[in-house]
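**Student:** Spelled out, the chains give:
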Amino acid sequence: MQAKANVYLAEFKQKLEKSVLKKRDSERSAKVKGLGNITYAQLKSLPMATTEEQIQDLLQLVDDKSKKWDYRALALVKTGTALLEQEEIFDKVLLLLQDQKEDSRFRMEVLDFLKQSNFIEATFNKYMPKYLNVLRQLVDDPNPVLRDDVMAVLAKKNDEYVQRRLVEGLKIPAQALVSPERAIQLLGYDIHANQFPLLREIVQNPPNQLAKIEAVRILAVDPDSKGLLLKLLKDKNELKQVRSYSALGVQEFDPEQYIGFAKDAIKDKKEYDDLKSLILVSLNQDEKIPNDSMGKEFNTLVQSFKTEEVSEDLMKASVSYRNGLT
Amino acid sequence: MKISRNSTASAQLNNISAHDTELYIANLIDAVKGDQKDQKFLLDLLKENNPAYQERSSNVVMRLRGYALAAMYYTGLPPGSLPFICAILETERTAYLVAAAARALRGAAPIKKVIPLFLKSIDNIRLHDDAITFTEYQPHWPLLENTTALNELLLTIQYYGNAAYELRDGLLFLTNNRSSDFNKEILKQLNATIDAVSVPGKTKQDCCDHYEDDIDFKPALFFNRKKELSKVIVQDQDSNDQPLTELLKDKLTVLTFFYTRCDNPLKCSMNISRLATLAHDLVNSPMNKSVNVIGITYDSPYDSPNQLIVYGANRGMQFSDTVKLLRVKEGYEDLKTLLHLGVSYIGSVVNIHRNELYILDAEGDVLHAFTHERWDVAQVKTKLEEYANRRTNEKKAHRLLLRPVKNLSKTFYSVVMPLLVALFPKCPLCWAAYLSSFGLSGLSFIPYSPWLYPMIVAIVAFNFYVIFKRAYRRKYYLPCILSGGGMLLIMLLGGLLKIHFALYIGIVFVLAGSLLNSYPVRISANALTKKSLRLSWK
Numbered sequence: 001m002q003a004k005a006n007v008y009l010a011e012f013k014q015k016l017e018k019s020v021l022k023k024r025d026s027e028r029s030a031k032v033k034g035l036g037n038i039t040y041a042q043l044k045s046l047p048m049a050t051t052e053e054q055i056q057d058l059l060q061l062v063d064d065k066s067k068k069w070d071y072r073a074l075a076l077v078k079t080g081t082a083l084l085e086q087e088e089i090f091d092k093v094l095l096l097l098q099d100q101k102e103d104s105r106f107r108m109e110v111l112d113f114l115k116q117s118n119f120i121e122a123t124f125n126k127y128m129p130k131y132l133n134v135l136r137q138l139v140d141d142p143n144p145v146l147r148d149d150v151m152a153v154l155a156k157k158n159d160e161y162v163q164r165r166l167v168e169g170l171k172i173p174a175q176a177l178v179s180p181e182r183a184i185q186l187l188g189y190d191i192h193a194n195q196f197p198l199l200r201e202i203v204q205n206p207p208n209q210l211a212k213i214e215a216v217r218i219l220a221v222d223p224d225s226k227g228l229l230l231k232l233l234k235d236k237n238e239l240k241q242v243r244s245y246s247a248l249g250v251q252e253f254d255p256e257q258y259i260g261f262a263k264d265a266i267k268d269k270k271e272y273d274d275l276k277s278l279i280l281v282s283l284n285q286d287e288k289i290p291n292d293s294m295g296k297e298f299n300t301l302v303q304s305f306k307t308e309e310v311s312e313d314l315m316k317a318s319v320s321y322r323n324g325l326t
Numbered sequence: 001m002k003i004s005r006n007s008t009a010s011a012q013l014n015n016i017s018a019h020d021t022e023l024y025i026a027n028l029i030d031a032v033k034g035d036q037k038d039q040k041f042l043l044d045l046l047k048e049n050n051p052a053y054q055e056r057s058s059n060v061v062m063r064l065r066g067y068a069l070a071a072m073y074y075t076g077l078p079p080g081s082l083p084f085i086c087a088i089l090e091t092e093r094t095a096y097l098v099a100a101a102a103r104a105l106r107g108a109a110p111i112k113k114v115i116p117l118f119l120k121s122i123d124n125i126r127l128h129d130d131a132i133t134f135t136e137y138q139p140h141w142p143l144l145e146n147t148t149a150l151n152e153l154l155l156t157i158q159y160y161g162n163a164a165y166e167l168r169d170g171l172l173f174l175t176n177n178r179s180s181d182f183n184k185e186i187l188k189q190l191n192a193t194i195d196a197v198s199v200p201g202k203t204k205q206d207c208c209d210h211y212e213d214d215i216d217f218k219p220a221l222f223f224n225r226k227k228e229l230s231k232v233i234v235q236d237q238d239s240n241d242q243p244l245t246e247l248l249k250d251k252l253t254v255l256t257f258f259y260t261r262c263d264n265p266l267k268c269s270m271n272i273s274r275l276a277t278l279a280h281d282l283v284n285s286p287m288n289k290s291v292n293v294i295g296i297t298y299d300s301p302y303d304s305p306n307q308l309i310v311y312g313a314n315r316g317m318q319f320s321d322t323v324k325l326l327r328v329k330e331g332y333e334d335l336k337t338l339l340h341l342g343v344s345y346i347g348s349v350v351n352i353h354r355n356e357l358y359i360l361d362a363e364g365d366v367l368h369a370f371t372h373e374r375w376d377v378a379q380v381k382t383k384l385e386e387y388a389n390r391r392t393n394e395k396k397a398h399r400l401l402l403r404p405v406k407n408l409s410k411t412f413y414s415v416v417m418p419l420l421v422a423l424f425p426k427c428p429l430c431w432a433a434y435l436s437s438f439g440l441s442g443l444s445f446i447p448y449s450p451w452l453y454p455m456i457v458a459i460v461a462f463n464f465y466v467i468f469k470r471a472y473r474r475k476y477y478l479p480c481i482l483s484g485g486g487m488l489l490i491m492l493l494g495g496l497l498k499i500h501f502a503l504y505i506g507i508v509f510v511l512a513g514s515l516l517n518s519y520p521v522r523i524s525a526n527a528l529t530k531k532s533l534r535l536s537w538k
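Protein chains in written order, with our numbering: chain G, 1 to 326; chain W, 1 to 538.
Any given hint might turn out to be false.
When the alpha-carbon atoms are kept at most 27 Å apart in a straight line, the in silico DSS-like pairs for lysine-lysine are as follows [stated by the list, open to error]:
no.: 1; chain 1: W; residue 1: K249; chain 2: W; residue 2: K336
no.: 2; chain 1: G; residue 1: K130; chain 2: W; residue 2: K120
no.: 3; chain 1: G; residue 1: K226; chain 2: W; residue 2: K329
no.: 4; chain 1: G; residue 1: K288; chain 2: W; residue 2: K329
Think of the hints as simulated: they come from the structure by calculation, not from any bench.
Let the sequences and hints guide you as you build the complete structure.
**Tutor:** What follows is the structure, encoded as structure tokens:
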């Protein structure tokens, strides 16, 4: 008897689950069917589309140019991973991205949607040739924000075309597609892009200070630039950030010179506290240079820092450094 | 810049340098398309250490190589190009290069060796494909008509037709199990490719031997090697410095090159992982401790010992006296030249390199080189065993060969030297005798001089020393006694007191002692004691 009861209970549960799901689907369909009048908030509350009918309804919303750009973008997002499964949808989305008559904010959202879809690499990558083909076209897009975003996507892929255009823009400002500091930042993704000689020139003759800072930041990983970095580090007229980035490079590629500089800098009362704290932190973390090897004078000086005389960061750095002494 | 399609373009292609713009080089390639006699110039552009690639970005080098490869579709494949193409299919994940390599293969009859590599290449590239064109070097985007690496690979397999029948199962697997990884166009090509290969049988194949030569690698001249290698100072992952020659001494060495900033996981990272596996396998083999397993970084300024430890450890390397990762502190250019390393640089940053692994002997001579194509642990082990056995046999043969030479040298000291001493003229009368025997014109340039006597004394003393040394070792003093006695007779009675009869007796004693000394004698254990004089003849 008990066994029979259990069987009936299990069957009842199954039927109940099916009917609940059916009801939910019918409710969703009912909501989606009336999309023409749906508000933004309602659209936002909808779950991701799962059926073909839902996807098509949402795509109709996307195509409806009478709707606002954010509404259409949201409708596109709600299609979920449909574009990965249906090539026609992917092609459609690419056309939206390319269409310069569309609102640039909408196009930005479309690009973001594509970038997010790219995380599902296994299925997105079959469309990569088409995607890259369109992105390279957009390098010349009139909208600077979109252009910047597209170039960032391509730069992270070490794309030859965007590297070439960025270098051209640095050499010939009239052909620049983004600001020099942004171009340098994007080139920095690929150490094999042959940008180091150009960056060394830029450091000597920077178009602006931001560009110089970015250039030094990237040169900090170039052993061939250690001479230049040391010169920048020692120059007290240089920007703090330039000297900080230079310090990292010198520490890595010329530790002897770095130790010499560190000893002088800690003694120098006119030296920035920021730089001193960077020195202490970097030495503390550098296993190749044990804290005890810095010498008695250096360590005594560090131990003598008083809270009221130095910045909070420097005080913290000196405490950590002292803890590293045996 | 337009370059006319004639022999001038060929000559220019032969002289390109790092200063020429990439567009100029691309235009030269365009100019020589379709001319078979220009194959060699295109082949030179495939070489990783081509001087034209110095100070160019990796992308530019890649595109120039790819553009040259694609041109071989028109010119045909030059001899020596196959290793480059195989390496690209095996390890490259750059769509442009892979597409170019696939296209180049359609410039020749099917080559059996590359067939297994097609599926590998499809697997490498399917997540890294790109829109490509070879119609111009710097196209305008978007491309209205383009190809892709996958497309080119499939077209080439179709071109191979039933010669590539062995790929059928692999292609079916892709369409049946991995169809979601491919877009419609590629799926269509896949199906067409399956149809093309599906009819079993043999088509005419090029025997391809003349493509096999890797003309890139030439061993350096033997007589320069040790001198140049001695200039190379290396530092290992524990910051220990030593000359490379010291490390190589008395061992076979497996040597590969890598760098930690390599962004192709199928190259350096995989090579070091395999090197670690090889080192691990050798630990349990008879070759343990007699083989060095070494990786040298191309990027010594950046790859510090700390970088090397972390990089190696993350790939399974267990460091020891014979298993090391090194950077070169001095003499890198000498090493690079000696081994004709396949690498180019922008400043100190590597912009392109090939796979390369060398097996060296204790002198640093290259016994075997694996260049371009991926090597595997089993292949290297087989070669090591072969060379280790060869080395053992050579040592045995060396000993056998040396024995008569050693005996001969002993004979020289024990026989010829005393003979020379005995026969050397010691007085004016002797000189007169020699001069009359050989004729004045023969020996007239050797004058008699009183300093000759001290010279004879020195030679005699030396001869006696040699005989005594051997006698002491063998504990057999009779030859020593005879030679010594003979020498005393020659020097004192014959030389100083001019008793000629003593001179002749002395000569006989010296010769007898020398002859007796040259006979091999086995010493019994008892002979080592002062009392026992028992000896036996061999």
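**Student:** Give a verdict on every hint.
**Tutor:** Now for the hints, and whether the structure bears them out:
1. W:K249 / W:K336: holds (20 Å)
2. G:K130 / W:K120: It holds: about 23 Å lies between the C-alpha atoms, which stays within 27 Å.
3. G:K226 / W:K329: This hinted pair holds, its Cα atoms lying about 17 Å apart.
4. G:K288 / W:K329: holds (18 Å)
Hint violations for this structure: none, all hints satisfied.
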